[in-house]
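So the protein lines, in turn, are chains A and B.
1 is the number of the first residue of the first sequence in the UniProt record's numbering; add one for each residue after it.
1 is the number of the first residue of the second sequence in the UniProt record's numbering; add one for each residue after it.
Because the hints were derived from the structure by calculation, they are not lab data.
Keep in mind that a hint or two might mislead.
[To be verified] If you want the ones that stay clear, here's a sample from chain A, every Cβ over 12 Å from chain B, calculated: (1) Arg11; (2) Ala24; (3) Ser37; (4) Gly38; (5) Leu45; (6) Ala70; (7) Ala78; (8) Glu83; (9) Ala109; (10) Asp111; (11) Met116; (12) Glu149; (13) Ala164; (14) Glu172.
[What the hints assert, rightly or not] Just some of the chain B residues that point at chain A, by a computed CB distance under 10 Å: (15) Leu257; (16) Arg261; (17) Arg263.
[As the list claims (entries may be wrong)] Where chain B lies over chain A, by a calculated footprint (3+ residues, C-beta under 8 Å): (18) 84-92; (19) 155-163; (20) 182-195.
Ideal placement from N, C-alpha and C gives every residue a C-beta, glycine not left out.
These are the residues of each chain, in order.
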Amino acid sequence: MASTRPRLLLRGLSIGGIGPLDAAIAPGECLALSGPSGAGKTRLLRAIADLDPHGGECRLDDRPAAVFAAPAWRRAVAYLPAEPAWWADTPRDHLRTPDAPAGHDRLAALDLETAMLDRPLTQLSSGQRQRLALLRLLDGQPQVLLLDEPTANLDADNIARVEALVADYCAERDAACVWVSHDPGQRRRVAHRQLALDGRGRVTTCN
Amino acid sequence: MQLISLSFADLALAAIGVIALAVTTAMLRLGVARTLVVAAIRTAAQLCLVGLILEAVFAERAFVWIALIALTMLLLAGREAAARQTRRFTGGYGFAAGTISMFLSAFVTTVLTLVVVIRVEPWYTPQYAIPLLGMLLGNTMTGIALALDRLTQNAWREAAVIEARLALGATAGQAVADIRREAMRAGMIPMINAMAAAGIISLPGMMTGQILAGSSPWEAVKYQILIMFLIAAGTGFGTLSAVTLGARRLFDDRHRLRLERLRRATS
Chain A
1 MASTRPRLLL RGLSIGGIGP LDAAIAPGEC LALSGPSGAG KTRLLRAIAD LDPHGGECRL
61 DDRPAAVFAA PAWRRAVAYL PAEPAWWADT PRDHLRTPDA PAGHDRLAAL DLETAMLDRP
121 LTQLSSGQRQ RLALLRLLDG QPQVLLLDEP TANLDADNIA RVEALVADYC AERDAACVWV
181 SHDPGQRRRV AHRQLALDGR GRVTTCN
Chain B
1 MQLISLSFAD LALAAIGVIA LAVTTAMLRL GVARTLVVAA IRTAAQLCLV GLILEAVFAE
61 RAFVWIALIA LTMLLLAGRE AAARQTRRFT GGYGFAAGTI SMFLSAFVTT VLTLVVVIRV
121 EPWYTPQYAI PLLGMLLGNT MTGIALALDR LTQNAWREAA VIEARLALGA TAGQAVADIR
181 REAMRAGMIP MINAMAAAGI ISLPGMMTGQ ILAGSSPWEA VKYQILIMFL IAAGTGFGTL
241 SAVTLGARRL FDDRHRLRLE RLRRATS
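Isolated chain A (complex conformation) (with noise of 0.2 Å):
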């Protein structure tokens, strides 16, 4: 991998004291991210997706993040937060391509069905909005997929199914993956390589 260009570079990469953290992400690689609570694992996939100001820089296919317009850069770089947010009435309102047939396959992949998607969201599980979150994420094609604990209310078969899709999303378009996660046991089977953070913020290599 070390001749291939990393799809996302983050350097020197700190916000409110926490990081600085340095990683090169290659395409289809799985980087797992871990801590205590409150050491600042979201705050740093806020900033790589340039939710809040922070200090270092990050950049896709070698191009910093300042030639991207804010919106295209996340669009291209996706941040699943820990609870996504609804605002409209159904999931397919949320959809930037209700229609797509890839979706589909998707909402199989993930144990959904069609239907659940024109069903309001009040009706729906925790667990099914967080998979249809993941939709809704994937649907937008990005090329950077930064996850907050996307399997936090899932049963085994969906965080299996959740890892699954990940993976084949990943290798199929060479996207590379910053997975947030708790569990060791999920951190061994989707990343390639980790990083944690100690209780004050500092990035420590754990393997």
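Could you slot chain B onto chain A? The hints should help.
For chain B alone, coordinates are given in the frame of chain A:
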């Protein structure tokens, strides 16, 4: 018909009603008597002061004085609009946004009306300029205060939704569009309701005043329609300007939601 001049004795008679109300509420321990009396005294004192100033200005008719009064009214309205916010913009931005918006809408509307519609000579004749500006500023201020309050409150409450949209690649404008629309509506609804109810449910204050002062109802109605239209345009454009400035301030140039630019008012 001649205007019947009121004496201070007449006003004292009218005050009996307020005093009776204050005594009654005090006996019932409703806890509003003191506020009621203070407000009544403020009304009398403030209006007398304004009356004295206006008498002097009307006699003098000097542009400088009229401009000075107009500027004072504008700054007070800007301060009042900013003071009504539950979550205020830091660094006086709320005051600036409100004041600039009121200047753009209320001042421009007033001057245009004086020059183009009423065509009074000179255009700053205080009998026309001051009441017109006062009514426009008052209504525009209410609209702007309501709209900015709704904008900042909703942005705070729905930060997760705004950021979810930003994270999926929406621009700041797209992410805040719903909240902006609601804020605009909040600012303009009172004025729209007033237009719809005018004459049927309520007799507008200015029209009533003109009729009391001896104008024919028909002349009073024409002025009232003029004022309603001016207020509608002034409030609408003022609110639009304030909401646009406010919504822009909620984000930075990288389309990030910057809620730290708001702080809760200490009340």
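Outcome of the hint check:
Remark: the non-interface label on A:Arg11 is consistent with the geometry, its nearest Cβ contact in chain B lying 18 Å away (cut-off 12 Å). With a least CB separation of 23 Å from chain B, A:Ala24 remains clear of the 12 Å interface cut-off, as annotated. For A:Ser37, the requirement that its beta carbon stay farther than 12 Å from each beta carbon of chain B is met, with the minimum near 19 Å. Every CB of chain B lies more than 12 Å from the CB of A:Gly38, the least distance being 19 Å, so the non-interface label holds.
Distance to chain B contradicts A:Leu45 as a non-interface residue, since its nearest Cβ pair spans about 10 Å, not more than 12 Å. Here A:Ala70 does not stay apart from chain B, with its beta-carbon only about 4 Å from theirs, under the 12 Å limit. Not every CB of chain B is more than 12 Å from the CB of A:Ala78 (nearest about 7 Å), against its label as outside the interface. A beta-carbon of chain B comes within 12 Å of the beta-carbon of A:Glu83; the shortest separation is about 7 Å.
Against chain B, the non-interface label of A:Ala109 holds: every CB pair exceeds 12 Å, the least being about 20 Å. The beta carbon of A:Asp111 sits about 23 Å from the closest Cβ of chain B, which is more than 12 Å, so the claim that it is off the interface holds. No Cβ of chain B approaches the Cβ of A:Met116 within 12 Å, the least distance being about 19 Å, so the stated non-interface status holds. The non-interface label for A:Glu149 is consistent with chain B: the shortest C-beta to C-beta separation is roughly 15 Å, beyond 12 Å.
At the 12 Å boundary, the C-beta of A:Ala164 stays outside the reach of chain B, the nearest C-beta of that chain being 23 Å off. A cut-off of 12 Å between C-beta atoms confirms that A:Glu172 is not in contact with chain B; the least separation is 20 Å. Checking B:Leu257 against chain A: minimum C-beta separation of about 8 Å stays under 10 Å; hint holds. The interface hint given for B:Arg261 is broken, as the beta carbon of that residue sits about 12 Å from the closest beta carbon of chain A, more than 10 Å.
Hint status for B:Arg263: violated, given a least beta-carbon distance of 18 Å to chain A, over 10 Å. Counting residues of the region 84-92 of chain A whose beta-carbon sits less than 8 Å from any beta-carbon of chain B gives 4, enough to reach three: the coverage restraint holds. Coverage of the region 155-163 of chain A by chain B is violated in this model, with 0 residues showing a Cβ closer than 8 Å to a Cβ of that chain against a need of three. With 0 residues carrying a beta carbon less than 8 Å from a beta carbon of chain B, the region 182-195 of chain A misses the three-residue requirement, and the given coverage is violated.
Comparing the model with each earlier hint shows violations of hints 5, 6, 7, 8, 16, 17, 19 and 20; every other hint is respected.
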